[in-house]
Amino acid sequence: MKDHDFICDFIEIYKSNPCLWDKKDPQYHNSNIREAAYTCLLEKFKEYDGNATKATVKSKINSLRSTFQKEFKEVKDSERSGAGIIEVYKVIMVLRTSYVHR
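First residue of the sequence shown: 748, per this note's numbering; consecutive thereafter.
Simulated from the structure, these hints should not be mistaken for laboratory data.
Take the hints with a grain of salt, since some may be wrong.
Said to hold, decoys possible - Below, computed lysine to any residue pairings styled on SDA-like, alpha-carbon distance capped at 20 Å:
hint : residue 1 : residue 2
1    : Lys807    : Ser763
2    : Lys770    : Glu782
3    : Lys762    : Arg812
4    : Lys793    : Cys755
5    : Lys791    : Asn779
6    : Lys823    : Leu811
7    : Lys762    : Thr803
8    : Lys801    : Glu759
9    : Lys793    : Ser763
10   : Lys771    : Arg781
Bear in mind the structure is a predicted one, so any value in this text is a computation, not a measurement.
Based on the sequences and whatever the hints tell you, model everything.
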C-alpha cells in the first residue's frame, strides 16, 4: 500500500469517528466508544506497520493534526494567490472545525 493511499484511508476512518476529534460529539467523553474507534484505527495501521500499537496510532494522529494546523494556516494565508490544496489535506479538512487559530 502506498503511503498516500494509507494516509487517506487512515484519515477517512478518523473522520468517521467524531468521538475522537469533535468535542461537541455526544460520545467524545465515552471511553468505551473512543477505545473501539482507536481499535479500528489500529487495525488499519497494522496493514501498514504490523508492529503498530495504540500509542503509534495516537502519535500518527497528533502528527497529522500538527501538520494540518501548519498547512491550514499556510493555505489560508495563500488563498489570495490561487495556490491549490494538497490532496491529503482535502481529506483532513474536517479538522478545521476543531482547530482554533491562535
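Results of checking the hints against the structure:
1. Lys807 to Ser763: Within the cut-off at roughly 16 Å; holds.
2. Lys770 to Glu782: 16 Å, holds
3. Lys762 to Arg812: OK: lysine 762 and arginine 812 at ~12 Å, within 20 Å.
4. Lys793 to Cys755: Status holds; Cα separation ~15 Å.
5. Lys791 to Asn779: 19 Å, holds
6. Lys823 to Leu811: Roughly 18 Å between the alpha carbons, so the hint for lysine 823 and leucine 811 holds.
7. Lys762 to Thr803: 18 Å, holds
8. Lys801 to Glu759: With a Cα-Cα distance of about 18 Å, the restraint between lysine 801 and glutamate 759 holds, given a limit of 20 Å.
9. Lys793 to Ser763: The given pair, whose Cα atoms are some 18 Å apart, holds under the 20 Å limit.
10. Lys771 to Arg781: Given that 20 Å is the threshold and the Cα spacing comes to 14 Å, the pair holds.
Figure legend: structure checked against the earlier numbered hints; every hint is met.
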